[in-house]
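There are 2 protein chains.
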Amino acid sequence: MRNVTKDNITDVFSSYFGDDTDPRVKEVLVALARHIHDFTRETKLTHDEWRKGLEFLEWAGRITDPERNEFVLLSDVLGLSSLVDMQNSNPEATSSSVLGPFHVSNPPALEVGGDMKRDFEGEVLLVHGYVRDTNGDPIPNATIDIWQTAPNGLYSSQDPDQDIHSFHGLMTADEEGRYTFTTIRPVCYTVPSDGPVGEILNAAGRHPWRPSHLHYIVSAPGYRTLVTEVFPSDDPYLDQDTVFGVRDDLVMTYVPQPAGSFPDGYKLSGKVNDAYSRVDFDLILAKQ
Amino acid sequence: MRNVTKDNITDVFSSYFGDDTDPRVKEVLVALARHIHDFTRETKLTHDEWRKGLEFLEWAGRITDPERNEFVLLSDVLGLSSLVDMQNSNPEATSSSVLGPFHVSNPPALEVGGDMKRDFEGEVLLVHGYVRDTNGDPIPNATIDIWQTAPNGLYSSQDPDQDIHSFHGLMTADEEGRYTFTTIRPVCYTVPSDGPVGEILNAAGRHPWRPSHLHYIVSAPGYRTLVTEVFPSDDPYLDQDTVFGVRDDLVMTYVPQPAGSFPDGYKLSGKVNDAYSRVDFDLILAKQ
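Going down the list, the protein sequences come from chains C and V.
In my numbering, each residue carries its 1-based index in the first sequence increased by 658.
In my numbering, each residue carries its 1-based index in the second sequence increased by 658.
Warning: the hint list may mix true and false statements.
Same chains, same names: a pair is fine if it fits in one copy or spans any two.
No more than 27 Å apart at the CA atoms, straight line, and that leaves these computed lysine-lysine pairs for DSSO-like [said to hold, decoys possible]:
1. Lys-664 <-> Lys-710
2. Lys-684 <-> Lys-664
3. Lys-945 <-> Lys-664
4. Lys-945 <-> Lys-710
5. Lys-945 <-> Lys-702
6. Lys-929 <-> Lys-664
In short, the hints are calculated from the structure, not lab data.
The task is simple: from the sequences and hints, build the whole structure.
Quick look at the structure:
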């Protein structure tokens, strides 16, 4: 097309594809260009705004390194990560929710009933549940990768004062599908806001907070791997998670338990006679 | 909103804005999120495709430096740059067209009738025209910044064998609005295709070629600055410019001229008795 205009440019873009292009590549790229073009026309985007957008991407590129990925964070705060999670979830299984950037490889083994908090101090939380299939039947011996923030609001990879494996654990559920462990109740925290994504949040009058949560990756042979989180029902940021991760079925009551009521079969030491909280959270996996 | 779903996520995104957010910031960000969400739902984007998109942006970030901006190139091959140009053009003025990444600062002065090719060899092109307002009246003494590829298809900033100012010139049009100079006819060339944008072109079965052109930035007090290009009507890539820069009013016939017909008043030396080509291209500026 020799005379490209603002009205025909999407058609011209489509006409450039080779005849033997993979149909899915063409579908995704044409949809991407169409939405970029429609966005540009609808907003009557100016040259200054276009340049600002490009400078934003350049800045995100400069600040991204193996420890920090500003593009993932951008996807998170725009709701893209959560939308991809939601539309690839099985509605009969536990909802999936953002993986986030703080998972570490080779987490240490955590036995059923183990203590993930190790030497950290704070309010003890007993986490308990079953891994089940969509019929409600237990799945034996599923692998559960668990991680969370330390009481200071930082994940181990953000905090030079923590061992890289602190508040990370890899558990094999028992024959009945049961998993359980003790930890310190996680706290709400902010996503990194000192880069270009922070500038977007600031311009939008948005806070950078996430409600507190425990992360899970649950896998078992023959089932779709589940990446999810569990949130306490009394968290002040539950209605305004800056990365859009909260779903109804992931919100659980953390039930206060009186002093002296701690059950047997746990590795918890020291605080075993204090009051604590308990959350029950079952993990429902869909077949592959 | 506590229960974010794939259907309400755009509304939740909108609800997060602070009350005193700049209305234009909100308009642009909500439109951006809405189109990203619609794109994701329409294509049923998978986790693998989402990750591939993020890896693409990370790669573009790594390859971008002061000499090469892969995000601008991405904007170019998606048609975004041209669309922003077109919708910010005045329809009564000469169409604007992509600036591209090869303009250099402090171009050397080029007098009216000067020779921009200096010692380079090739087919001589005489470029001639007037700077006019939208009524057709000449604008005296406009500033015209001109640049193009060398005969090897490279701009000076891409080519260690060229002086950084080769094939760049800054002219002041005369009292009658006339500008003219001699050069070597520019050649068609490819955009950089060894990075992530090249991978997109390859996956789409698209070539990386641009039709040959001369770049202009034209400015005069009281008028909107014009960034544009002129293309020859016989270029093989006129219908498939990979950055969508061609507009009808920017395509001109490069008219062959017989040997011995070269006019007076030019600095051209050596080739003055050979055949050459001539293009007439007027530059119409809109009032500010």
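Note to self: When Cα atoms must be at most 27 Å apart, do Lys-945 and Lys-664 count as within-copy, between-copy, both, or neither?
What the structure shows: For Lys-945 and Lys-664, the Cα distance is within 27 Å only across copies (22 Å; inside one copy 47 Å).
Check: Is it within, between, both, or neither for Lys-684 and Lys-664, if the alpha carbons may be no more than 27 Å apart?
Finding: For Lys-684 and Lys-664, both the intra-copy (21 Å) and inter-copy (24 Å) Cα distances are at most 27 Å.
Next item on the list: Can you give me the call for Lys-945 and Lys-702, within, between, both or neither, at a CA distance of at most 27 Å?
Entry: between (47 Å within a copy, 20 Å between copies)
Item checked: Status of Lys-664 relative to Lys-929 across identical chains (alpha carbons, at most 27 Å) -> Cα proximity of Lys-929 and Lys-664: none, with 68 Å in one copy and 42 Å across.
Next item on the list: State whether the alpha carbon distance between Lys-664 and Lys-710 is at most 27 Å within one copy, between copies, both, or neither.
Entry: within (21 Å within a copy, 29 Å between copies)
Next item on the list: Check Lys-945 against Lys-710 for me: Cα-Cα at most 27 Å, and say if that holds within a copy, between copies, both or neither.
Entry: between (45 Å within a copy, 25 Å between copies)
Hint 6 alone, counting from the list given before, is not met by this structure.
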